[in-house]
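Peer 1: Protein chains in written order, with my numbering: chain F, 2 to 261; chain E, 10 to 347.
To be clear, the hints were calculated from the coordinates, so they are not data collected in a lab. All C-beta atoms, glycine included, are put in the ideal place defined by N, C-alpha and C. Hints are not guaranteed to be accurate.
[To be verified] Over 10 Å on every C-beta distance to chain E, these chain F residues come out as not near it, computed from the model:
{"id": "1", "residue": "E72"}
{"id": "2", "residue": "K235"}
{"id": "3", "residue": "K237"}
{"id": "4", "residue": "P250"}
[Unchecked claim] Only part of the chain E face toward chain F is listed, based on derived beta-carbon distances under 7 Å:
{"id": "5", "residue": "R32"}
{"id": "6", "residue": "V33"}
{"id": "7", "residue": "S189"}
{"id": "8", "residue": "G237"}
{"id": "9", "residue": "S240"}
{"id": "10", "residue": "R242"}
{"id": "11", "residue": "L244"}
{"id": "12", "residue": "G245"}
{"id": "13", "residue": "E247"}
{"id": "14", "residue": "E249"}
{"id": "15", "residue": "P290"}
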Amino acid sequence: MKDALLKLESVSCAYDGPTVVEGVSLEVRAGEFVAIAGPNGSGKTTLLRAASRAMAPRSGRVLLDGRDLYEETDAKSAARRLAVVPQDAVVEFDFLALEIVLMGRYPHLGRFDAETERDREAARQAMERTDTWELRDRPITELSGGERRRVLMARALAQEAQILLLDEPTSHLDIHFQVEILRLLKNHVDAGGASVAVMHDLNLAAAFASRVVLLQEGRVTGEGPPREMLVEEKLKSVFGPHLEVRAHPDGGPLVLPRIP
Amino acid sequence: MDWNGWPKRFIRNASMRRLGSGRVLAAAAGIWAAVAVVSVMAGADLSGVSPEIRKEVLWNLRLPRVLLAALVGAALSTAGAVFQGLFRNPLADPFVIGVSGGAALAAVLSIVLGASATVLGLAPVAAAAFVGGLLAAGVVYRLARVRGRVPLPTLLLAGFAVGALASAFLSVLLVAASRSWSEIVLWLMGSLAHTDAWSRLRIMGPAVVLAMGLAAIYARDLNMFLLGEESARHLGVEVERAKRMLLVAGAVATAAAVAVGGIIGFVGLVVPNLARALVGPDHRDVLPVSAAAGAVLVSLADLGARCAAPPLELPIGAITALAGAPFFLWVLRRKARS
Chain F
2 MKDALLKLES
12 VSCAYDGPTV
22 VEGVSLEVRA
32 GEFVAIAGPN
42 GSGKTTLLRA
52 ASRAMAPRSG
62 RVLLDGRDLY
72 EETDAKSAAR
82 RLAVVPQDAV
92 VEFDFLALEI
102 VLMGRYPHLG
112 RFDAETERDR
122 EAARQAMERT
132 DTWELRDRPI
142 TELSGGERRR
152 VLMARALAQE
162 AQILLLDEPT
172 SHLDIHFQVE
182 ILRLLKNHVD
192 AGGASVAVMH
202 DLNLAAAFAS
212 RVVLLQEGRV
222 TGEGPPREML
232 VEEKLKSVFG
242 PHLEVRAHPD
252 GGPLVLPRIP
Chain E
10 MDWNGWPKRF
20 IRNASMRRLG
30 SGRVLAAAAG
40 IWAAVAVVSV
50 MAGADLSGVS
60 PEIRKEVLWN
70 LRLPRVLLAA
80 LVGAALSTAG
90 AVFQGLFRNP
100 LADPFVIGVS
110 GGAALAAVLS
120 IVLGASATVL
130 GLAPVAAAAF
140 VGGLLAAGVV
150 YRLARVRGRV
160 PLPTLLLAGF
170 AVGALASAFL
180 SVLLVAASRS
190 WSEIVLWLMG
200 SLAHTDAWSR
210 LRIMGPAVVL
220 AMGLAAIYAR
230 DLNMFLLGEE
240 SARHLGVEVE
250 RAKRMLLVAG
260 AVATAAAVAV
270 GGIIGFVGLV
280 VPNLARALVG
290 PDHRDVLPVS
300 AAAGAVLVSL
310 ADLGARCAAP
320 PLELPIGAIT
330 ALAGAPFFLW
340 VLRRKARS
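Can you make the complete structure from the sequences, with help from the hints?
Peer 2: What follows is the structure, given as structure tokens:
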């Protein structure tokens with residue numbers, strides 16, 4: 002079995018009050034697409050923050066390539082291994098989309114280096130893969146939510162990190178781009194990368210993820226292939242009664258809302 | 010390779026018109042040189058006076074004064090650009106973290122106590138203002154630090170609070186020291202008329218240059234901050250260290266400017282906005298262009314202060330606000346329309 006790229010060892014997190022994430026252990030290997038699912042407030046985003054060097058856990062450890070992410074990894078080398086796509090970014094100043102994507106090259110540049118042809122090429126490829134090259138000289142402030150989202154995705158790709166962490170990568174996107182972005186992640190994973198994504202759309206998780214982690218009140222209540230996790234009984238215990246699971250025509254599970 | 014739309018210097022999108030910073034800097038240098046020449050020439054007629062007095066006036070009063078104006082303008086504008094970037098707010102100015110409050114309090118204290126000893130050739134008021142400004146910034150930083158991190162909103166609020174506290178003490182001092190009112194009020198309004206301008210330049214010049222250099226080193230980090238602190242962290246910025254360095258740069262530049270020129274408002278607010286309108290938001294362009302434009306504008310404003318109503322000198326802070334406010338409104342409205 003391959004070594005874990007990213008490993009959480011009984012991680013607990015809290016802001017000032019009670020713990021939001023409680024004793025979560027998780028391993029992410031190359032070639033894996035892990036979807037984290039759970040109700041609102043179950044600690045998904047906090048878990049992602051802990052895994053992305055944004056919030057040190059109160060107890061437990063996060064290991065990147067076997068080294069402690071907070072104690073033994075500096076910001077730049079972490080950013081070369083691990084790229085994060087946030088839910089959204091509010092940008093007050095009118096940077097062009099291309100300039101935003103080029104910022105993804107920061108961890109590869111020394112303090113006094115200017116961007117080289119190599120950096121511009123990485124930015125261009127990332128933008129072409131997210132279908133944002135056409136937006137390159139538009140100010141980020143003028144883009145729609147979905148366009149901005151794809152630019153942020155391109156920025157993460159420009160980082161050329163093996164591990165991608167995403168907070169609801171499909172929110173703000175129309176159905177075409179939802180599928181496109183997830184396909185992109187799938188390709189990334191198939192090419193030897195790894196992705197961890199917080200996902201609300203369980204059907205997309207079923208279609209793309211190799212593993213689903215169910216989170217409830219900060220604890221992992223189930224972990225396994227989508228087929229085993231996305232079953233009605235399990236989901237109802239996590240999300241409540243307003244859903245039902247049918248068989249998708251393609252064979253997998255199909256989660257539908259049930260209107261009482 | 011086909012770099013459609015690359016490099017960004019050639020971007021000519023309908024909504025984005027950016028000038029190269031090189032051209033803007035060259036233009037600013039030219040304009041400043043002209044303003045400097047006029048500033049040295051303008052003023053009382055020197056044709057009838059002895060060569061010694063003429064030399065004294067030109068060499069020890071007017072020339073260092075226009076240099077001082079440039080220094081103060083560059084410092085305030087650099088600090089403004091740094092704080093606007095750091096706080097992601099185009100309405101931030103150099104005085105947001107309490108530097109001006111601390112500087113004013115210390116300066117007035119030194120006036121009230123009648124301090125007379127010079128510090129490294131620097132007038133006691135200037136030295137007190139510099140130290141007071143830095144102290145206030147230090148206190149604000151310390152107050153805002155929680156568990157090794159300094160959240161920017163907390164920093165902003167701590168700055169407001171310390172500023173308010175300083176101005177409360179200042180009011181009490183003012184009432185207690187009615188004898189020194191005119192001196193205090195003149196200092197508070199800002200002025201570049203100093204007989205010891207060269208020694209002010211010698212001390213504060215290097216301080217400002219160092220602060221500008223430090224800001225320049227962290228210009229790229231400042232760009233990252235515009236996407237939010239967490240995003241910057243995710244992209245590999247050592248956020249707390251960058252924040253500390255940028256705050257030091259901004260505080261030193263502001264304290265130096267206030268020490269030599271008193272509290273000159275509006276420059277640090279308007280000039281970075283002007284710079285962004287010209288060259289776009291990248292701080293590697295915004296910082297040098299702000300410094301240059303600030304130098305030009307404060308030099309011009311000081312020329313106006315000297316020459317608008319002779320023999321009276323108008324307070325330079327009034328000139329900068331008088332010219333800056335309408336211009337700022339014009340930029341705002343133009344931006345809102347597009």
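Peer 1: Of the hints stated earlier, which fail here?
Peer 2: Going through the list in order, the structure violates hints 5, 6, 7 and 14 and respects the others.
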